[in-house]
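> Sequence:
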Amino acid sequence: MTEVVRVRFAPSPTGALHVGGARTAIYNWALARRTGGTFILRIDDTDAERSTAENTAQILRSLEWLGLDWDEGPEVGGPFGPYFQTERADHYRSALDRMKANGSAYPCFCSATELEAKREAARSGDGSAGYDRTCRHLPADTVAARIAAGEPHVWRLSVPEDRGDILVDDAVRGETTFPASAMDDFVLVRSDGTPTYNFATVVDDADMEITHVIRGDDHLSNTPRQILVFEALGHAVPRFAHLSMIWGADGKKLSKRHGATSVEAFHEEGILPEALLNYLALLGWSLDGDTTIISADTLKTSFSLDRISKNPAIFDPEKLEWMNGMYIREMPPGVLIERMVPWLESAGLATADDVAARHDWFVSLVPLISERLKRMTEIAPTVGFLLTDRFEPDPAAVAKGLTGAEAYRSVSAAHAALEVLEVWETETVETALRALPEALGIKPKIVLQAVRVAVTGSTVSPPLFESVALLGRDIALARLDAASRGTGE
RNA sequence: GGCGCGUUCGUCUAGCGGUUAGGACACCGCCCUCUCAAGGCGGAGAUCACGGGUUCGAAUCCCGUACGCGCUACCA
24 MTEVVRVRFA PSPTGALHVG GARTAIYNWA LARRTGGTFI LRIDDTDAER
74 STAENTAQIL RSLEWLGLDW DEGPEVGGPF GPYFQTERAD HYRSALDRMK
124 ANGSAYPCFC SATELEAKRE AARSGDGSAG YDRTCRHLPA DTVAARIAAG
174 EPHVWRLSVP EDRGDILVDD AVRGETTFPA SAMDDFVLVR SDGTPTYNFA
224 TVVDDADMEI THVIRGDDHL SNTPRQILVF EALGHAVPRF AHLSMIWGAD
274 GKKLSKRHGA TSVEAFHEEG ILPEALLNYL ALLGWSLDGD TTIISADTLK
324 TSFSLDRISK NPAIFDPEKL EWMNGMYIRE MPPGVLIERM VPWLESAGLA
374 TADDVAARHD WFVSLVPLIS ERLKRMTEIA PTVGFLLTDR FEPDPAAVAK
424 GLTGAEAYRS VSAAHAALEV LEVWETETVE TALRALPEAL GIKPKIVLQA
474 VRVAVTGSTV SPPLFESVAL LGRDIALARL DAASRGTGE
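For the first sequence, the positions run 24 to 512 when our numbering is used.
Think of the hints as simulated: they come from the structure by calculation, not from any bench.
A quick note: this is a predicted structure, and the numbers were derived from the prediction, not measured.
Cβ atoms here follow ideal geometry from the backbone N, Cα and C, with glycine treated the same way.
Hints may be right or wrong, so weigh each one.
Ranges between beta-carbon positions, derived for each pair [claimed, not checked]:
no. : residue 1 : residue 2 : range
1   : 291       : 462       : 45 to 51 Å
2   : 400       : 199       : 40 to 46 Å
3   : 110       : 171       : 25 to 31 Å
4   : 324       : 163       : 53 to 59 Å
5   : 495       : 418       : 23 to 29 Å
6   : 381       : 291       : 22 to 28 Å
7   : 199       : 379       : 55 to 61 Å
8   : 496       : 390       : 19 to 25 Å
9   : 357       : 400       : 20 to 26 Å
10  : 254       : 163       : 20 to 26 Å
11  : 217       : 379       : 50 to 56 Å
Use the sequences and the hints to build the structure in full.
Listed below in structure tokens is the structure:
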């Protein structure tokens with residue numbers, strides 16, 4: 024049986040796309056891509072209070088940034104639209120009509136205070152189902168009269184009396200059964216006519232012919248209820264896969280306290296989309312237990328539901344950062360240069376035109392810095408001394424490496440040695456500077472650190488000789504001269 | 001309270017009856033070295049939550065306990 028896979032990611036636009044949602048999206052997308060199926064994006068915007076168009080737009084941007092393209096949904100449309108729940112009222116209405124017709128839904132006139140009391144009673148009693156089904160067996164004419172009179176009412180699911188325990192066959196958890204007795208006649212449609220979550224998602228999943236529901240763990244307990252709705256609708260039940268939660272380092276729900284949690288925030292903090300994708304994919308799924316660097320292409324060919332782990336995972340920013348560094352290091356120079364541009368621009372160090380104009384210069388810069396970067400935000404600080412027109416040595420660095428008689432002698436000797444170079448490139452610079460310590464009778468580390476601080480303004484920098492070469496004769500000499508006189512440039 | 005899920009190095013995980021319990025991040029040491037990194041080599045780190053079973057043999061199968069989490073809403 025070769026069934027066409029149709030999966031969906033259904034975020035609620037009540038906030039930005041956070042890492043938990045992103046991982047859910049990744050798994051859905053990966054399964055669709057690996058199986059040649061369809062990845063659907065649906066916006067669960069039924070919470071009118073908190074849903075905003077801005078959030079929706081941001082979620083779409085985050086998904087795109089991660090490289091998760093959807094086949095049906097906002098902006099691309101598709102044959103099963105609309106893809107915003109708020110635009111699907113007629114679908115919920117007709118689904119309810121079908122359920123009214125087959126007797127699987129009934130109106131309930133109980134007031135909020137009555138329900139509260141019933142809940143109390145149920146909970147202090149044997150703990151079984153919540154609602155006591157008061158309105159389930161109301162005479163038909165009574166019901167008709169009360170509705171005609173405009174009495175407020177909700178519509179509830181009529182859980183079949185003869186329904187046995189409900190089996191959820193979950194791709195990650197295996198088979199779990201829920202006693203039918205624990206299922207109450209929950210609300211499908213509110214008194215204002217809007218559908219509840221458990222109703223709307225099932226109607227949508229059924230209408231959109233979703234075959235696999237991959238979502239957060241928090242929905243596992245809702246699944247038997249949803250299965251009941253699928254059955255009432257006479258629709259086949261999709262396959263489920265419930266993902267464990269992602270926690271913060273303290274084992275608590277991930278929140279701002281733990282640093283960045285939204286995809287957008289990681290972007291702003293210099294994390295690469297391929298690194299986030301890789302890290303998140305591996306947080307709860309494994310290719311083989313040994314491989315840690317996994318590309319989107321690998322995901323597309325090798326992702327499978329049966330290698331998703333059951334246990335909750337703690338989000339580890341350090342590993343993400345390490346991974347990000349890996350991706351930066353392995354990136355071809357030309358590509359890294361392109362990716363650097365926005366960061367250079369926002370730091371005011373260079374424009375795209377500058378980079379294009381000195382392309383070769385930037386290409387030779389890449390190997391000097393790429394193995395020193397963990398985040399794109401570190402680019403500006405590490406190359407700033409090469410590009411800035413307002414060179415300001417770090418006072419602490421000066422105090423440490425450019426203070427005292429030996430340091431000053433080193434710097435002026437360096438100036439003298441470099442000044443006479445006929446060819447200004449890494450090799451000649453290196454030869455000239457390496458000869459200094461012996462000539463001056465000063466330890467190499469002292470000499471070179473003094474030159475480093477003078478030229479880069481810091482005790483920590485890319486390789487010195489290369490840096491001096493890239494900086495160019497005029498600027499390098501000017502900085503050495505300034506340093507030897509203890510003034511600014 | 002009821003129902004459900006989860007529990008392997010600090011962290012992410014491999015493992016699916018017989019392994020010296022493997023890998024990765026982080027950590028420590030050494031090498032490399034002009035700083036910082038990167039890289040190489042090595043190390044420490046897991047009584048597989050606990051207690052009972054089943055079995056010749058259990059991290060792996062069964063039962064229970066503890067702890068954590070979720071659902072139990074006219075939230076999603």
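> Now tell me if each hint is right for this structure.
Right, here's what the structure says about each hint:
At roughly 49 Å, the beta-carbon separation of residue 291 and residue 462 lies within the given 45 to 51 Å, and the hint holds. At about 44 Å, the CB distance of residue 400 to residue 199 agrees with the hint of 40 to 46 Å. For residue 110 and residue 171, the Cβ-Cβ distance of about 30 Å falls inside the hinted range of 25 to 31 Å, so the restraint holds. Evaluation of the 53 to 59 Å hint for residue 324 and residue 163 yields a pass: the beta carbon distance comes to about 58 Å.
The supplied range of 23 to 29 Å is met by residue 495 and residue 418, whose beta-carbon atoms lie about 25 Å from each other. In this structure, residue 381 and residue 291 meet the distance hint of 22 to 28 Å, their C-beta atoms being roughly 27 Å apart. Between residue 199 and residue 379 the CB atoms are about 58 Å apart, so this pair conforms to the stated range of 55 to 61 Å. The beta-carbon spacing between residue 496 and residue 390, approximately 22 Å, falls within the hinted interval of 19 to 25 Å.
Here the CB-CB span from residue 357 to residue 400 is close to 21 Å, well matched to the stated 20 to 26 Å. Checked against the given bound of 20 to 26 Å, the beta carbons of residue 254 and residue 163, roughly 23 Å apart, stay inside it. Between residue 217 and residue 379 the CB atoms are about 54 Å apart, so this pair conforms to the stated range of 50 to 56 Å.
Checked against the numbered hints above, the structure violates none of them.
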